[in-house]
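Chains L and A supply the protein sequences, listed in that same order. If you read the first sequence in my numbering, its first letter stands for residue 1, the second for the next number, and so on. If you read the second sequence in my numbering, its first letter stands for residue 1, the second for the next number, and so on.
Please keep in mind that the hints were generated in silico from the structure rather than gathered at the bench. Heads up, a few of these hints could be off.
As the list claims (entries may be wrong) - As a list, the in silico DSSO-like pairs of lysine-lysine whose alpha-carbon atoms are at most 30 angstroms apart: (1) K68/A <-> K37/A; (2) K57/L <-> K14/L; (3) K44/L <-> K9/L; (4) K68/A <-> K44/L; (5) K9/L <-> K68/A; (6) K57/L <-> K68/A; (7) K14/L <-> K5/A.
To be verified - Reference listing, derived: stretches of chain L covered by chain A, where coverage requires no fewer than 3 residues with Cβ under 8 angstroms from a Cβ of chain A: (8) 24-35; (9) 44-58; (10) 66-78.
To be verified - Computed far set for chain A versus chain L, every beta-carbon distance over 12 angstroms: (11) Q2; (12) Q6; (13) N22; (14) G43; (15) K56; (16) R61; (17) K71; (18) V78; (19) T109.
Since this is a predicted model, take the numbers as computed values, not measurements. The beta-carbon is built from N, C-alpha and C at its ideal position, and this holds for glycine as well.
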Amino acid sequence: NAGVTQTPKFRILKIGQSMTLQCTQDMNHNYMYWYRQDPGMGLKLIYYSVGAGITDKGEVPNGYNVSRSTTEDFPLRLELAAPSQTSVYFCASRPGGDLGAFFGQGTRLTVV
Amino acid sequence: DQQVKQNSPSLSVQEGRISILNCDYTNSMFDYFLWYKKYPAEGPTFLISISSIKDKNEDGRFTVFLNKSAKHLSLHIVPSQPGDSAVYFCAASGFSGNTGKLIFGQGTTLQVKP
């Protein structure tokens, strides 16, 4: 069972570069999320989706974009990377109702 | 505006004793609450949840208590084991989990000493 798969696991970006963090789930979950975790801090919600074609902003959406063309995939796009975006990024999916979310292993991103 | 707060950054307990982790929330629209456990370099894993129609939910050594009037929930681990040492996050969602948004607290690092 693959669950939630994130790629890449590690990435170093230069200031101003852009990249896409990939997230795929094989559990047919409707809800998908992107979080970032800064050192010593909690998980901050960046964007989330309640189904294919539907996305909404979370707590810290600035500097990021998302799309949800299929149930399985929820990529996160960083345009014009900044040092403040150095963080660990987690993708999660959830079936809905009274059930918890399943998380990927995370992507550690450093912007220099 | 921190809607879900875990005011204790860390907690240390002896093996076999009870661990109590606390969480407060500000948004009265939250009605579904979850606890997650996280080890270093791994994604969080779901532990236990509770709906606002209940005030207690048990799963083995883990019990979550909800006090809606105080907007407070707690996670009890009895007995605590060294393998429980991790960061614990509480999270909250609205409308019985179906609105989509899932907001996390800052986390509490639990250390269980042998």
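Here is how each hint holds up against the structure:
With a C-alpha separation of about 23 angstroms, the suggested pair K68/A and K37/A falls inside the 30 angstroms cut-off, and the hint holds. With a C-alpha separation of about 25 angstroms, the suggested pairing of K57/L with K14/L holds against the 30 angstroms cut-off. Restraint check for K44/L and K9/L: the C-alpha separation of about 19 angstroms stays at or below 30 angstroms, so the hint holds. For the given pair, K68/A sits about 24 angstroms from K44/L by alpha-carbon distance, which is consistent with the 30 angstroms threshold.
Taking the CA atoms of K9/L and K68/A, the gap is about 39 angstroms. The hint is violated against a cut of 30 angstroms. Our distance criterion of 30 angstroms between C-alpha atoms is met by K57/L and K68/A, whose separation comes to about 27 angstroms. Proposed proximity of K14/L and K5/A is contradicted: the alpha carbons are some 34 angstroms apart, above 30 angstroms. Counting residues of the segment 24-35 of chain L whose CB falls under 8 angstroms from any CB of chain A gives 3; the rule of at least 3 is met.
Chain A is given as covering the segment 44-58 of chain L, and this holds because 7 residues of the stretch bring a CB closer than 8 angstroms to a CB of that chain, at least three being needed. Residues of the segment 66-78 of chain L with a Cβ under 8 angstroms from some Cβ of chain A number 0, which does not satisfy the need for three, so the listed coverage is violated. Not every CB of chain L is more than 12 angstroms from the CB of Q2/A (nearest about 9 angstroms), against its label as outside the interface. Distance to chain L contradicts Q6/A as a non-interface residue, since its nearest Cβ pair spans about 8 angstroms, not more than 12 angstroms.
No Cβ of chain L comes within 12 angstroms of the Cβ of N22/A; the nearest lies about 14 angstroms off, and the non-interface call holds. For G43/A, the condition that its CB be more than 12 angstroms from all CB atoms of chain L is violated, with the nearest at approximately 3 angstroms. Once the 12 angstroms rule is applied to beta carbons, K56/A is consistent with being away from chain L; the minimum gap is 15 angstroms. Every CB of chain L is more than 12 angstroms from the CB of R61/A (nearest about 17 angstroms), matching its label as outside the interface.
Listed as outside the interface, K71/A is consistent with that label: its C-beta sits roughly 18 angstroms from the nearest C-beta of chain L, beyond the 12 angstroms cut-off. A cut-off of 12 angstroms between C-beta atoms confirms that V78/A is not in contact with chain L; the least separation is 21 angstroms. Consistency note on T109/A: stated as away from chain L, yet its beta-carbon is not over 12 angstroms from all of that chain's, at 9 angstroms minimum.
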